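Chemist: Now for the letters of each chain:
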Amino acid sequence: MDKPVNNKAWFLVLPVLVLVAFSAVIPLMTVVNYSVQDTFGNNVFFWAGLEWFEQALSSSRLHDALLRQILFSVIILAIQVPLGIFVALNMPKRGFWASLCLVLMALPLLIPWNVVGTIWQIFGRVDIGLLGYTLDKLGINYNYTANAIDAWVTVIVMDVWHWTSLVALLCYAGLQSIPDAYYQAAKIDQASRWKVFRYIELPKMQGVLLIAILLRFMDSFMIYTEPFVVTGGGPGNATTFLSIDLVKMAIGQFDLGPAAAFSIMYFLVIMLISWVFYTVMTNLDKREEMQ
Amino acid sequence: MAKITLSNLAHSYVPQPKGPQDFALKEMDHVWEDGASYALLGSSGCGKTTLLNIISGLLRPSQGRVLFGDRDVTDAPTAERNIAQVFQFPVVYDTMTVRDNLAFPLRNRGMDADYIRQRVQAIAQMIGMEAVLDRKARGLTADAKQKISLGRGMVRQDVNAILFDEPLTVIDPHMKWELRTQLKSLHREFNHTMIYVTHDQTEALTFAEKVVVMYDGRVVQIGTAQELFETPAHTFVGYFIGSPGMNLLDARIEGNVAHIEGSVVPLGAGYGPVSGRTQIGIRPEFVRLSASEGLPVKLRRVEDVGRHKIVRAEFFGREINIIADEGAEIGADMTRVTFRPERISVYADDWRVAPAGQLGEAA
Amino acid sequence: MSDATLSLPAKRSRALPRVNGSAVVMGLYILFLMLPIYWLVNMSLKTNTEITSTFTLWPRDLTFANYRTILTDPSWYMGYVNSLIYVVMNTVISISVALPAAYAFSRYRFLGDKHLFFWLLTNRMAPPAVFALPFFQLYSSVGLFDTHIAVALAHCLFNVPLAVWILEGFMRGVPKEIDETAYIDGYSFPRFFVKIFMPLIASGIGVAAFFCFMFSWVELLLSRTLTSVNAKPIAATMTRTVSASGMDWGVLAAAGVLTIVPGALVIYFVRNYIAKGFALGRV
Numbered sequence: 001m002d003k004p005v006n007n008k009a010w011f012l013v014l015p016v017l018v019l020v021a022f023s024a025v026i027p028l029m030t031v032v033n034y035s036v037q038d039t040f041g042n043n044v045f046f047w048a049g050l051e052w053f054e055q056a057l058s059s060s061r062l063h064d065a066l067l068r069q070i071l072f073s074v075i076i077l078a079i080q081v082p083l084g085i086f087v088a089l090n091m092p093k094r095g096f097w098a099s100l101c102l103v104l105m106a107l108p109l110l111i112p113w114n115v116v117g118t119i120w121q122i123f124g125r126v127d128i129g130l131l132g133y134t135l136d137k138l139g140i141n142y143n144y145t146a147n148a149i150d151a152w153v154t155v156i157v158m159d160v161w162h163w164t165s166l167v168a169l170l171c172y173a174g175l176q177s178i179p180d181a182y183y184q185a186a187k188i189d190q191a192s193r194w195k196v197f198r199y200i201e202l203p204k205m206q207g208v209l210l211i212a213i214l215l216r217f218m219d220s221f222m223i224y225t226e227p228f229v230v231t232g233g234g235p236g237n238a239t240t241f242l243s244i245d246l247v248k249m250a251i252g253q254f255d256l257g258p259a260a261a262f263s264i265m266y267f268l269v270i271m272l273i274s275w276v277f278y279t280v281m282t283n284l285d286k287r288e289e290m291q
Numbered sequence: 001m002a003k004i005t006l007s008n009l010a011h012s013y014v015p016q017p018k019g020p021q022d023f024a025l026k027e028m029d030h031v032w033e034d035g036a037s038y039a040l041l042g043s044s045g046c047g048k049t050t051l052l053n054i055i056s057g058l059l060r061p062s063q064g065r066v067l068f069g070d071r072d073v074t075d076a077p078t079a080e081r082n083i084a085q086v087f088q089f090p091v092v093y094d095t096m097t098v099r100d101n102l103a104f105p106l107r108n109r110g111m112d113a114d115y116i117r118q119r120v121q122a123i124a125q126m127i128g129m130e131a132v133l134d135r136k137a138r139g140l141t142a143d144a145k146q147k148i149s150l151g152r153g154m155v156r157q158d159v160n161a162i163l164f165d166e167p168l169t170v171i172d173p174h175m176k177w178e179l180r181t182q183l184k185s186l187h188r189e190f191n192h193t194m195i196y197v198t199h200d201q202t203e204a205l206t207f208a209e210k211v212v213v214m215y216d217g218r219v220v221q222i223g224t225a226q227e228l229f230e231t232p233a234h235t236f237v238g239y240f241i242g243s244p245g246m247n248l249l250d251a252r253i254e255g256n257v258a259h260i261e262g263s264v265v266p267l268g269a270g271y272g273p274v275s276g277r278t279q280i281g282i283r284p285e286f287v288r289l290s291a292s293e294g295l296p297v298k299l300r301r302v303e304d305v306g307r308h309k310i311v312r313a314e315f316f317g318r319e320i321n322i323i324a325d326e327g328a329e330i331g332a333d334m335t336r337v338t339f340r341p342e343r344i345s346v347y348a349d350d351w352r353v354a355p356a357g358q359l360g361e362a363a
Numbered sequence: 001m002s003d004a005t006l007s008l009p010a011k012r013s014r015a016l017p018r019v020n021g022s023a024v025v026m027g028l029y030i031l032f033l034m035l036p037i038y039w040l041v042n043m044s045l046k047t048n049t050e051i052t053s054t055f056t057l058w059p060r061d062l063t064f065a066n067y068r069t070i071l072t073d074p075s076w077y078m079g080y081v082n083s084l085i086y087v088v089m090n091t092v093i094s095i096s097v098a099l100p101a102a103y104a105f106s107r108y109r110f111l112g113d114k115h116l117f118f119w120l121l122t123n124r125m126a127p128p129a130v131f132a133l134p135f136f137q138l139y140s141s142v143g144l145f146d147t148h149i150a151v152a153l154a155h156c157l158f159n160v161p162l163a164v165w166i167l168e169g170f171m172r173g174v175p176k177e178i179d180e181t182a183y184i185d186g187y188s189f190p191r192f193f194v195k196i197f198m199p200l201i202a203s204g205i206g207v208a209a210f211f212c213f214m215f216s217w218v219e220l221l222l223s224r225t226l227t228s229v230n231a232k233p234i235a236a237t238m239t240r241t242v243s244a245s246g247m248d249w250g251v252l253a254a255a256g257v258l259t260i261v262p263g264a265l266v267i268y269f270v271r272n273y274i275a276k277g278f279a280l281g282r283v
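Residue numbers (the numbering used here), protein chains in the order written: chain A, 1 to 291; chain B, 1 to 363; chain C, 1 to 283.
Source of the hints: derived by calculation from the structure; they are not laboratory data.
Treat the numbers as computed from the prediction; the structure is a model and nothing was measured.
Some hints here could point you the wrong way.
[As the list claims (entries may be wrong)] BS3-like mimics (lysine-lysine), calculated; alpha carbons at most 25 Å apart, straight line:
#1 3(B) - 26(B)
#2 195(C) - 8(A)
#3 136(B) - 195(A)
#4 8(A) - 114(C)
#5 176(C) - 3(A)
#6 210(B) - 184(B)
#7 114(C) - 3(A)
#8 187(A) - 3(B)
#9 187(A) - 195(C)
#10 3(B) - 210(B)
[Claimed, not checked] Residues from chain A that keep clear of chain C, each with C-beta distances beyond 12 Å, as calculated:
#11 38
#12 54
#13 74
#14 78
#15 129
#16 184
#17 194
#18 202
#19 215
#20 241
#21 274
Beta carbons: idealized from backbone N, C-alpha and C, even for Gly.
This is chain A alone, in the form it adopts within the complex (with noise of 0.2 Å):
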């Protein structure tokens, strides 16, 4: 689409302007501040110039917070994708029993975060949980809050039941945008199931599929609520995950120099991997608007 070139639109993005400014950059200023100082308490600063951040590159605690926080996202895009994608193909077409595992695979979506660890809190319980109980009388030993393993499987499980949904619905969507004709060639054309998977539906997906992954890259490596309320970040440091060690050393030990350069550094790392989906996306876009 050819868009005119009009300056005077900057008027009609002033409020988003003025009100993110607000919310975003004034608080940015305070991290930045933050970041080249030190206090010894009672609210004296002096300049410390890049020292957290060289600190904060060389900690050894961050780097263990930052592979896990790695390995979480990995391993929670390479289940929640495919299964996303293969739930998508199993939906009802259209009819009540569409409306209905619309609306139930959207719940958990709608659960407040701490809200949902909370119930998986509950449900891995050995005592009073299904799932835990259940494992347990399997002779099964489980126990997140003691064993690291476990504790990972009830985070990864807890996201995939959170957040596969949203993958799913997504394709759904994608799906349902392709013609009937397409699937009729295809008969046609005697193509395989997988062919019509590989030829017809995975490129249709393939924007609403970037979208997905995008968000929950970001999402899943900004986590914080649900493992924090499930696990505590333990046991030992083992679901400490980069939000929730943030947390710990902004608010719990009140190290704001630190906090704050490591604050940075992390939003400056999601910054330059969603800008790279980002640049993928719109060429996409544009591909597409050539047709």
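Dock chains B and C against chain A, hints included.
Modeler: What follows is chains B and C alone, placed relative to chain A:
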């Protein structure tokens, strides 16, 4: 290749059809001769696409059978019927190259690589896309994509039939004509049975040997362009074919004359007793304006369309169209019309009535 | 006519296995989604004694006492009221500032538009944890701490970019000719926007509102940090069931169930738009 027989066929999209109004396709028996080219003509919603999808197996008829040759394929899936179909809007596999798109139906059937290469080349040449064979289909224009769809429909040589569902809707007029000519020559060369759905009479009449006219879920007439023009079997055919369509006038038939509003119109043949709503149909081409003889009309306006003039006139309160030669002088005194008796058809309840002594023309 | 329906059973048996396969997959998936929620509902209807002493798949001793506790105690139910107030405020603010901006992005090119759009999106990517402390200080210093508007504004951080993004997607689908026709017909911009344009993208506005509602409703970190008493959200209120006398599981579960209800209601009303909505107008 095989002849296609539709026996007792009917289809309804309602699970429990209550009456004829629930049927998208009313009961029909019909044979598509092997190697012929048909155009399926009708206005939108008349059941053309339904019929096409039943033949290709995308839809299962709610009653009746479909036979390819002697084989009953009513329940056979699309893939087994070995037909090709081209849809109204381009269906291409976006992520594949043009070459892979054209080769797709052959590869899925495990054809030999050399054969595939040769076929793809031949088809690409036919649709004029040799230059872009290695480009991705995504990003091509709608025209080009539809040409790929056409190419994919024609790439297989052994198909029982090729079905076209208004394939030229998105193609620009110049290309339309060219592609239609190519389809025709292709048909002459390979003798595939072709069924071409369209709502455009010019397209139907120029493409096909036989035109099948459908109206309200029913086949109302099958015939050559000439037959449709001269002896429309149903008022819809009269009205739909031709430009402007046939004039239809309520009349009372008595032997070899028709009475219209107290005036007498001679007919070309004698008719037995006719019941129901009776009308006579006369094409504008066979109506002649005159100053002295015939029935009175009021001239409304004259349109000059180049080859001839179309005169719009009022005839006993009803509109009537008259085609006059380009050179004809149309004076204000020409307030009467005559009909050529042998060109008048008689209709009872919309169906043509055969003159006495002739066999009725069944639809 | 006589053999018209003869071959119908054959078709049935061929179609059945495929339909069943999908049904089984969906059944299992929905079961997986519903089990934990069922367990929560189950617990909320039990007494604490039943919860801790025995293991029962459904409440033997059905009680609504837990719900009564919540619905009669202002310190509980005010949590819901607070949450709803700031969620609605946030949704209204986000949509009303996002509408003109999305229009600008979808219709015009202007200096720095692409950078601005990306910068807006980066705010959606900002980890709330990064902003928790600075927000606390910012809103304390301007005297907005522990007010609904503070939380509503804070949530704008991620909801405004999202709303702009969604609305821009929907607006791009509206042909430009509509704008031009309206101007030719003598509509002023505001009148055109409200009378003609907004009805055209009503479903987009609905979708954007749905997402703003959703993300504001489920967020806890910021809303907890920015409130103490007066605007405390329900999600934060729940943490107080950990009291000296041990966990009050029944009330905790009941409170959890009640937080699911508004979401479920919203989903029910938008059920026919969910699929299109989740594609953010970009299919």
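Chemist: Tell me the numbers of any earlier hints that the structure contravenes, in ascending order.
Modeler: 9, 15, 19, 20 and 21
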